[in-house]
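Asker: Sequence:
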Amino acid sequence: MGRTGLGVRRLGRAGLGGRGLDRTGLGRRRLGRPGLGGGSVERPGLGVDAHVVISAPSHTGRPGITRVAGVVRENLQDPILRRVVAVALLGGGLAAAVAFALDGHASVLRGLGVPNAWLLPGLTVLSCLAELTVVRLRHGDAVEELTLYEAALVIDVLLLPPRDALVAAAVGLLVASAMQRRPVMKAVFNLGTYTAAAAVLIAIVHLVGGAPGVMTAGVLAGVVVGTLAFTGVNLCCLAQILGVITKTSPWRIVRSEARLSAYMAVGTVATGLTTAEIALHTPLLLPFMAMPALAVTFAYRAAAREADERARSACLLQLSHALAERGDVVRQFLLLVREAFGADLAVAVLENGDGALSVEAGDPSTVRQGVVPPYLAALGVVDAPVQLADELPEGLRRMIVVPVQSGGRRLGTAAFAIRERDRGWMTTGDVTLLASLASALAVAMLGAEHLERLVDETSKLQAVVEQSTEGIMVVDGDGSIRMWSRALAEITGVGAGEATGRSLAEVLDVPVEDERDLLMPVTAEQPRAVVELSVRRRDGEQRRLRLAHSAIFTAGTVGRDVVVISDLTREYRTERLKSDFIAMVSHELRTPLTPIIGYIDLLRSRGERMTPQKRLDALNLIGDRAGHLSRLVEDLLLASRFGDNPEEMALHVSVAEHDLHALVEQAARDLGSSRVVLDLPPGPVAARCDDGRTLQVLANLIGNGLKYSAEDTEVVVTMRLEAQRVHVDVRDSGRGIPADQLEKIFEKFHRVEDPMTMSTGGTGLGLFIARQLARAMDGDVTVESVFTRGSTATLTLTRATPETGA
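In full-length UniProt numbering, the protein residues as written are 1 to 806.
Please keep in mind that the hints were generated in silico from the structure rather than gathered at the bench.
Keep in mind it's a predicted model, so treat the numbers as computed, not measured.
All C-beta atoms, glycine included, are put in the ideal place defined by N, C-alpha and C.
Errors might be hidden in some of the hints.
Stated by the list, open to error - Think about it this way: if two alpha-carbon atoms lie no more than 20 Å apart in a straight line, the pair counts; the simulated DMTMM-like pairs of lysine to aspartate or glutamate are:
(1) K744 / D539
(2) K748 / E634
(3) K744 / E571
(4) K744 / E575
(5) K744 / E784
(6) K748 / D780
(7) K460 / E449
(8) K748 / E571
(9) K460 / E470
(10) K744 / E541
(11) K707 / E665
(12) K614 / D624
(13) K707 / E784
(14) K707 / D624
(15) K247 / D363
(16) K578 / E747
(17) K707 / D670
(18) K744 / D567
(19) K748 / E575
(20) K247 / D78
To be verified - What follows is a set of in silico ranges between Cβ atoms, one per label pair, in the way DEER data are often shown:
(21) T557 / V585: 51 to 61 Å
(22) A739 / T798: 22 to 32 Å
(23) D740 / A710: 23 to 33 Å
(24) R606 / A583: 30 to 40 Å
(25) H105 / T366: 47 to 57 Å
(26) Q369 / A524: 52 to 62 Å
(27) K460 / R573: 32 to 42 Å
(28) T594 / D659: 32 to 42 Å
(29) E351 / R538: 52 to 62 Å
(30) D679 / A505: 50 to 60 Å
(31) G497 / H321: 31 to 41 Å
(32) Q369 / R528: 45 to 55 Å
Generate coordinates for the entire structure from the input sequences, incorporating the hints supplied.
Answerer: This is the structure:
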């Protein structure tokens, strides 16, 4: 039969599909289950949303006068309520007009043989049963409801007088609405719509076909035209409501639904006329007439159950994905479980939450937050599923409350309710499934808590790793690097992006072959190991590192190795500096002491036999070497007095205006070497400096040039003048300084040569002291060099009388 003969078209539970209308039945539409798409007819909330106005009972059990007045004033502004009232008045007016105009008219068809006293109640019961015979089919988010009410209405019109037909149709619909516990507004709208439409149907049938008592062409035409008119009135009334809800033009809704409504009207005529004729002529066949309708009804119910199961499975699949993602699981749970079980209201109350979360069929995509409903607050702790039917707010028929708990930990309560009578809403198996879903929600919430804590701890650990001055890396069992800290990138010169995914041997350049096996020294027997090795950076610098391994083995194979890397380069350099210092000091002290001790022994044993000149030469040599020792000790003391704070240097100099030209000439004379060539500008050059310290710096720079160049080469000293600065350049043609040593030569005790094999003397303090003294005088000492071709050391000072444009 398809849709024919099962006609009801109404608003479904929620959503209203794509166009806001459910295609159902034979041209009859009504306000059906809760929702109305936008939720305008029935106020949402039921005590969940604190902003919803609800008639609160007074101490007498009736709404308080003030609250009722407020509700009335609000309802008068409701466009849907105004339309419902208009439809009810229209239905009442048309029914009264038809009853008055057709008063005394007999029934269209006669000869049933049943007294009118029995026929009216019987057809009223038939209308009620036809309305209660509901099959709900799901179409996406919409729900289609099919009943036999229209066919029963046609039978009422044909077999009863006009007034009795109106009574049977209206009373049957009212009783069915009461049994289904429909909200008052919906029941009033349905009654007004069908009363108006039925009045039009009765009027047309009697005016066109009359009351001949038998089926005639006029009766047939009247029933067809009247049913089409019935459908038109019904469609226009419903379009007014849907136009407000969906914000669509009512005329557009009428046009989109007119053709289907006409087809369903024809089906209604066929079913009603056939049943009426069989009742008149062959009443014994009436039970068999019901068989096709019952068969189709059961078939539709089976299809509905299958569709519901498919829809429920789809919702539960979405729910499983939502719970697995551990996002906003409570909101997703309410939205999807409400849809899966066809509930009109879903509420969740969490132990650690403020208030309750709820979602209603009228607005199925919005989760609201409000106060905890009193009926749930009064329920207390729930350890097992509970069904509630009493003490629920007006409009709620039944409610299932399940605990949200897992592993003995209770996280809250979830409740699902319906507003209308529906015996098959939730079976025992459904309740068990709902309880299992609530437990799954609890597991997901606990998992989300654990994940949040894990993410928090991971973030803290990551922060520790990133802020640590020690290098940290994680190596997988296959030897590939999985984590490379920022400090390690600074130590090795290799970034995390470049190191991740590569093997340790590919990332770290170990120049000493014997140390390469120390990169992965751990074994199953010794999962912890500390080794030291040298690595070479890309810039050529070598660093000494300590690697502390802590590996985890699984079945004898490395699962993961956490390595903490410490840079020992500074410590190693310090130790080497100490060793070099001892070797250097021993060498430097031994060099002048040897002739001093030798000549003293000579003077003791043979001094009276030496000529006066030889004794004088010996004493002069002793004095010269003693002066060298004094200068060495002075350098050591001066180096120890210099700190790292530049402000401390000012304590060791006395800056004033001096002739730098004269100071350069004096330094050259003091050295007494013919290899020193001066190329200075004429006349005095005033500079701000300490004359004694400046002589010391110049002597060191010129002396280094003589020391580190060949005996047959010159050391040229030049001077460059700028507006505010003066530069003294000391250039030699010696062996030069490697590029990586140009800054290190200004460190304490640093020597380019190995102290154990050096061919020149020196403590490694000269350039260090020279730079510190120059900077204390607001100047500087710099060195430029080309390896194997010579060096140029420059002393820079501030001019006392700067010349612009010089």
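Asker: Could you run down the list of hints and mark each one as holding or not?
Answerer: For each hint, the structure was consulted:
{"no.": "1", "hint": "K744 / D539", "verdict": "holds, 15 Å"}
{"no.": "2", "hint": "K748 / E634", "verdict": "holds, 14 Å"}
{"no.": "3", "hint": "K744 / E571", "verdict": "holds, 16 Å"}
{"no.": "4", "hint": "K744 / E575", "verdict": "holds, 16 Å"}
{"no.": "5", "hint": "K744 / E784", "verdict": "holds, 13 Å"}
{"no.": "6", "hint": "K748 / D780", "verdict": "holds, 16 Å"}
{"no.": "7", "hint": "K460 / E449", "verdict": "holds, 16 Å"}
{"no.": "8", "hint": "K748 / E571", "verdict": "holds, 15 Å"}
{"no.": "9", "hint": "K460 / E470", "verdict": "holds, 16 Å"}
{"no.": "10", "hint": "K744 / E541", "verdict": "holds, 12 Å"}
{"no.": "11", "hint": "K707 / E665", "verdict": "holds, 19 Å"}
{"no.": "12", "hint": "K614 / D624", "verdict": "holds, 15 Å"}
{"no.": "13", "hint": "K707 / E784", "verdict": "holds, 17 Å"}
{"no.": "14", "hint": "K707 / D624", "verdict": "holds, 18 Å"}
{"no.": "15", "hint": "K247 / D363", "verdict": "holds, 15 Å"}
{"no.": "16", "hint": "K578 / E747", "verdict": "holds, 13 Å"}
{"no.": "17", "hint": "K707 / D670", "verdict": "holds, 15 Å"}
{"no.": "18", "hint": "K744 / D567", "verdict": "holds, 19 Å"}
{"no.": "19", "hint": "K748 / E575", "verdict": "holds, 13 Å"}
{"no.": "20", "hint": "K247 / D78", "verdict": "holds, 14 Å"}
{"no.": "21", "hint": "T557 / V585: 51 to 61 Å", "verdict": "holds, 54 Å"}
{"no.": "22", "hint": "A739 / T798: 22 to 32 Å", "verdict": "holds, 29 Å"}
{"no.": "23", "hint": "D740 / A710: 23 to 33 Å", "verdict": "holds, 24 Å"}
{"no.": "24", "hint": "R606 / A583: 30 to 40 Å", "verdict": "holds, 34 Å"}
{"no.": "25", "hint": "H105 / T366: 47 to 57 Å", "verdict": "holds, 52 Å"}
{"no.": "26", "hint": "Q369 / A524: 52 to 62 Å", "verdict": "holds, 56 Å"}
{"no.": "27", "hint": "K460 / R573: 32 to 42 Å", "verdict": "holds, 34 Å"}
{"no.": "28", "hint": "T594 / D659: 32 to 42 Å", "verdict": "holds, 40 Å"}
{"no.": "29", "hint": "E351 / R538: 52 to 62 Å", "verdict": "holds, 58 Å"}
{"no.": "30", "hint": "D679 / A505: 50 to 60 Å", "verdict": "holds, 56 Å"}
{"no.": "31", "hint": "G497 / H321: 31 to 41 Å", "verdict": "holds, 33 Å"}
{"no.": "32", "hint": "Q369 / R528: 45 to 55 Å", "verdict": "holds, 53 Å"}
Violated hints for the displayed structure: none, as all numbered hints are satisfied.
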